[in-house]
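Undergrad: Residue 1 is where the sequence shown starts when you use full-length UniProt numbering, and the numbers rise one by one after that.
Hints in this document: simulated from the structure, not taken from any laboratory. Only a predicted model underlies this, so the values are computations on that prediction, with no experimental measurement involved. Any given hint might turn out to be false.
As the list claims (entries may be wrong) - Just the calculated beta-carbon pair ranges, DEER-fashion:
id	residue 1	residue 2	range
1	Arg28	Asp147	29 to 39 Å
2	Val109	Ile158	12 to 22 Å
3	Gln134	Glu103	34 to 44 Å
4	Ala142	Thr97	23 to 33 Å
5	Leu93	Asp147	35 to 45 Å
6	Met37	Leu117	22 to 32 Å
Here a beta-carbon is modelled for each residue, glycine too, at the ideal position from N, C-alpha and C.
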Amino acid sequence: MARLSIFPLAGAILFPGMPMPLHIFEPRYRALVSDAMARDRRIGMVQPSGDGDTPSLYQMGCVGRIAEVEAMEDGRYNLVLEGVSLFRIVRELEVTTPFRQVEAELLPVVDEDLLSLGRRASLEQESRRFAELQGYAVDWDAVGRLDDESLVNGIAQIAPFDVAAKQALLEAPDLEQRAELIIQLMQFFGRHDGEDRVTLQ
């Protein structure tokens, strides 16, 4: 169990071992970063599941450790978080800080299994098709050198899917099922074009 200061951010998921750059400008989250730097450098990244100033939260997120920080003269920060472990929120705490805090269960980091060769090939093929449809420039040679876990989690983290889809990727029970879900989501979003095109994050 752990007490975590949280940064609710729609469309943003983080995985253990993966980096996430962030630009912090809101006063409450600048306070969160200052507090984290004075303590253990940890921030809980979690998606809101509702609207408003204090929206409801999805139950699962990821602890990020501040690996790099640039403090700007006007009080803003540029950060790079490194994912440490997934967590499940047990309850939200009553606090006087401008940022929210929760009690959370830290989930053990497990070594992910390798993808089957067929799944890896399908994922790379669908990623190429999706990137072409979206007009993304991708270094496919570099992509091909990634290990399975970095490839799957990297795509899941940066893919421009909606909040619910991103959360489903975070909560997938293993690497193989996360890869299959990515393929399905790319096929779904890639089918829409023109006036009927799905709005991505």
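Undergrad: A separate judgement is required for each hint: does it hold in the structure or not?
TA: Evaluation of the provided hints:
1. Arg28 x Asp147: 29 to 39 Å: 37 Å Cβ-Cβ, so the 29 to 39 Å window holds.
2. Val109 x Ile158: 12 to 22 Å: 21 Å, holds
3. Gln134 x Glu103: 34 to 44 Å: Hint holds: Cβ distance 39 Å, inside 34 to 44 Å.
4. Ala142 x Thr97: 23 to 33 Å: 41 Å, violated
5. Leu93 x Asp147: 35 to 45 Å: Taking Cβ atoms as reference, leucine 93 and aspartate 147 lie about 37 Å apart, which means the hint holds.
6. Met37 x Leu117: 22 to 32 Å: 44 Å, violated
In summary, the structure is inconsistent with hints 4, 6 from the numbered list given earlier, while agreeing with the others.
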